[in-house]
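Participant: Chain by chain, the residues:
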Amino acid sequence: MVGKNTTQLGARSEAYEMFQQEGRSLNVSYENDRLNEIRQNESSGISIRAVKSGKIGFSYSSKMDEFDFVADSAIRLAPYGKPYDYKFADKAAARGEAPVNPACGELSVEQIVETGNRLRDMIKQAHPEALAECSIGGGIGRTRIVTSGGQESIEDSSSFGYYVGVKIAEEGNFLFAYRGRSSSQPIAESEMMQNAREACDEFAAARKTLPFKSGSYPVLLTPSALSDILMPIEVSVNGINIAKKTSSFVDAMGKQLFDKRLTITDDPFHAEGPSGTTFDGEGVPASKRAIIDAGVLKGFVHTLSTAQKSGHTPTGNAQRSVSSLPMPGWHNMIMDAGTDDLAEMYRRAEGGLCIRQMLGTFTSNFLAGQVSGNISLGFAVHEGRNAGRVKNCALNVNAFELLKDRILAISSKREWAGGAYLPYVLVDAVSISARD
Amino acid sequence: MKEFLTALAKKADADYCEIRLEDSMQTSLAYLGEDLENVQESHMYGGNVRVVVDGCWGFVTFNNVDEIERRMREAVTNARAAARHAKDRSVLAQVQPVEATVKLNVRTDPRKVSLDDKIALFGGYNQILLRHPGVTSTNLRYFDKYSRIYFANSEGTWLDREAIDMGMGASAISRKDGTTARGSASQGGRADFDIFRGMEAEMHEAAKTAVEGASASVIEGGNYTVVCDPNLAGVFVHEAFGHLSEGDNVADDPRMQEVLKLGRKFGDGYLNIYDTGLDEGLRGYLAYDDEGVKTEKTWLIREGELVGRLHSRETAGRMGEKPTGNARAISYKFPPIPRMRNTCIGNGPHGSFDDLIKDVKLGVYAIDSAGGQTNGELFTFTAGEAFMIRNGKLAERVRDVTLGGNVFDTLRNITGVAGDYNVHDSAGGCGKGGQMPLPVSHGSPHIKIKDVVIGGR
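Protein chains in written order, with the numbering used here: chain X, 1 to 436; chain G, 437 to 893.
Simulated from the structure, these hints should not be mistaken for lab results.
Predicted, not measured: the structure shown is a model, and the values here were computed from it.
Note that the Cβ used here is the ideal one computed from N, Cα and C, for glycine as well.
Check each hint, because a few of them may be wrong.
[Claimed, not checked] Here are the in silico distance ranges between beta carbons for each label pair: (1) X:Lys124 to G:Asp502: 55 to 63 Å; (2) G:Ala556 to X:Gly150: 47 to 55 Å; (3) X:Ala387 to G:Glu656: 25 to 33 Å; (4) X:Ala343 to G:Ser788: 57 to 65 Å; (5) G:Gln563 to X:Pro211: 27 to 35 Å; (6) G:Glu636 to X:Pro83: 24 to 32 Å; (7) X:Lys208 to G:Asp887: 38 to 46 Å; (8) G:Arg506 to X:Ala343: 50 to 58 Å; (9) G:Asp704 to X:Lys255: 31 to 39 Å.
[Stated by the list, open to error] Chain X regions said to be covered by chain G (calculated; three or more residues, Cβ under 8 Å): (10) 54–68; (11) 110–119; (12) 168–178; (13) 241–248; (14) 252–266; (15) 369–379.
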């Protein structure tokens with residue numbers, strides 16, 4: 001049926017791209033010690049980009065059977081749209097294989113609830129005074145892209161994710177310590193339990209607060225805090241900012257921008273990554289690429305459109321949902337491990353801070369390299385460990401400068417933080433503003 | 437539809453069942469620099485079923501409405517599974533069933549404005565930004581959305597609601613010597629497309645802000661007295677106190693109930709904070725919430741004292757309090773949870789903006805918000821633009837002004853509330869629990885806060 005429809009669409013338009021997606025998911029959540037909700041989602045949708053008179057129209061419907069409405073709407077809107085100055089994806093073979101595990105679609109409510117209960121009970125045993133939070137879920141999906149250029153990609157995907165945390169709201173010390181990650185594979189309960197224990201340990205260390213004065217300090221960035229510090233790089237290699245020349249990286253390809261120990265790769269095929277894909281959201285083959293290699297800028301992150309505007313080759317980084325246009329985005333951000341021992345890095349951070357969570361950094365002026373925000377969960381480091389929580393402190397750094405010449409050490413240990421697999425990084429001379 | 441859905445809700449093998457069907461159509465425009473990057477029409481149609489069995493929830497969503505009965509059975513199965521393992525039970529606060537039809541009350545319906553007209557209007561604004569010397573790029577987004585939502589529950593409530601939601605956000609971007617700065621203008625509402633007309637002066641001002649911002653110095657980090665304009669103060673009250681007041685923060689947490697005990701003093705006698713769904717025309721307006729509860733004006737702080745919070749039927753039931761009409765979901769893909777509507781600081785006794793700054797020797801005037809976040813106790817906001825205040829007068833422009841602090845200390849540190857309340861909608865929305873963007877509003881007069889931590893060089 002769709003084959004016949006796309007043939008008709010091809011006859012009515014100068015070029016087209018059809019994107020279909022459907023999926024289902026299951027999630028079990030615990031809030032404040034309580035099994036809060038079991039949620040099942042089924043979703044679907046179809047969208048079309050059609051070219052008429054050299055311009056592109058876009059339309060979407062959540063009803064899979066509304067092909068005609070979507071096609072008519074896209075063709076009607078096309079004369080208003082942006083010029084079709086690139087080509088929808090040509091027929092091309094995959095450059096690798098993204099991991100998929102159908103088991104993510106066969107999760108048992110009973111099993112998840114039992115795991116959730118065990119996590120909650122473990123947290124309550126460690127900290128009876130606190131409240132346990134937990135969410136576990138997964139799902140599967142299928143994406144189909146057909147273009148007038150002859151590309152037809154059908155790709156299955158799978159996802160599994162969890163977080164587990166321990167929290168308390170006390171006068172003067174609201175505290176939430178948590179761990180979690182997403183993957184294309186089911187995650188073992190043993191890992192969740194281990195991370196719940198780590199969250200409990202961190203919670204214990206944070207119950208004590210220590211005074212902290214404004215000044216310049218060595219700071220140990222955990223992978224989750226580092227992901228905030230890397231945002232200026234993420235934004236600056238984004239094809240939109242390259243095409244619009246709003247990124248300071250526009251003319252920096254091949255230049256040594258950062259410390260030689262900094263190597264960051266975009267890897268759509270990573271076995272554990274949550275955002276793996278064989279083809280991107282435009283049907284372009286995805287590939288594993290170094291973006292920063294030994295501190296040197298090596299790659300940008302493009303859609304077909306931003307690549308064309310920038311005079312670059314498409315990189316297979318179009319990210320989208322069925323209801324939105326493709327935008328450039330990373331798949332899985334993988335930073336190379338360093339050689340430093342984490343315990344030794346703690347010792348070198350003596351008198352400084354270890355930051356686990358930042359707050360509100362997304363409002364920073366990333367294109368200028370700036371990362372600002374409140375330190376949501378940070379620790380004063382004494383005698384090689386997190387000695388106590390620091391409060392009412394804000395951080396403001398220029399990440400471009402920080403990652404160029406103020407890196408003291410990079411750990412051999414890495415952890416997932418969202419879609420990024422990152423080490424701990426110790427940096428020097430970070431300005432901390434505190435309400436003294 | 438009414439007979440079908442109400443009969444179905446009552447047929448569910450559950451203690452409580454509600455069904456939501458939603459049909460919406462959205463038109464969107466997006467400019468990036470010179471390009472009209474996107475012109476889009478979207479049709480969303482789908483629904484959800486939410487049930488309670490033995491005090492536990494099951495929730496399912498679907499796009500294929502033909503499968504509603506099968507999905508309803510799955511929701512019941514899930515709720516039963518939860519009930520087998522749960523130690524606690526939810527209690528829904530009682531409300532009187534209602535039957536109501538909410539029709540549009542729109543002066544100029546955006547659906548009747550031609551696409552050509554919209555493109556001429558917003559494209560013209562984009563050109564004003566682009567033509568301003570020193571502006572290197574722009575970003576302008578507009579949307580209008582018409583929704584029709586049917587809601588039925590097993591208690592006999594039936595609602596047939598129509599709504600329009602509109603928003604526009606425009607940014608000018610300027611780059612100078614590696615520094616990038618933005619200036620913004622926005623508008624939004626539910627009642628009249630014509631609010632978007634005549635914004636040329638705001639566009640010129642946004643462009644000027646971006647260009648001047650790129651040449652401004654980064655503020656020196658430290659503790660300052662900060663005067664917030666009504667928009668930033670509104671964002672502050674939304675992020676820092678509104679979220680804290682949402683019932684799901686409090687209902688199951690005895691320690692939080694101690695911290696947020698009704699009657700507790702949070703600020704001086706001139707501090708008044710409320711959340712209201714009654715302001716027709718604002719994006720935060722709603723006649724009924726997504727559990728079928730009639731909306732209201734809910735006082736949170738009166739004369740400095742905590743007097744209320746924002747409830748769904750579940751959180752109200754758990755706390756033995758009254759539902760406030762704050763249960764909201766961004767679409768049928770999510771369950772309703774306690775959310776804000778139009779959250780405001782009321783007018784105070786401290787005169788005008790000039791009166792607030794006249795005694796400030798060294799401070800910051802923070803205007804508009806580039807975004808913010810809170811974790812309940814701590815907050816971070818970035819000002820859209822900012823100026824130093826020196827010896828009671830506005831001085832030089834500064835950039836990268838990020839305000840941080842402790843919510844409770846900051847409320848206590850509000851030392852001035854002017855009498856110039858203003859509310860101004862934008863294209864943005866509130867995010868919580870994966871549900872973003874929910875249309876909300878926030879308003880305030882100018883306020884003065886002492887001892888605010890500003891991150892800087």
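Participant: Would you mind marking each hint as holding or not holding in the structure?
Facilitator: Now the hints, each set against the structure:
no.: 1; hint: X:Lys124 to G:Asp502: 55 to 63 Å; result: 44 Å, violated
no.: 2; hint: G:Ala556 to X:Gly150: 47 to 55 Å; result: 38 Å, violated
no.: 3; hint: X:Ala387 to G:Glu656: 25 to 33 Å; result: 29 Å, holds
no.: 4; hint: X:Ala343 to G:Ser788: 57 to 65 Å; result: 58 Å, holds
no.: 5; hint: G:Gln563 to X:Pro211: 27 to 35 Å; result: 54 Å, violated
no.: 6; hint: G:Glu636 to X:Pro83: 24 to 32 Å; result: 27 Å, holds
no.: 7; hint: X:Lys208 to G:Asp887: 38 to 46 Å; result: 24 Å, violated
no.: 8; hint: G:Arg506 to X:Ala343: 50 to 58 Å; result: 55 Å, holds
no.: 9; hint: G:Asp704 to X:Lys255: 31 to 39 Å; result: 55 Å, violated
no.: 10; hint: 54–68; result: holds (count 9)
no.: 11; hint: 110–119; result: holds (count 4)
no.: 12; hint: 168–178; result: holds (count 7)
no.: 13; hint: 241–248; result: holds (count 4)
no.: 14; hint: 252–266; result: violated (count 0)
no.: 15; hint: 369–379; result: holds (count 5)
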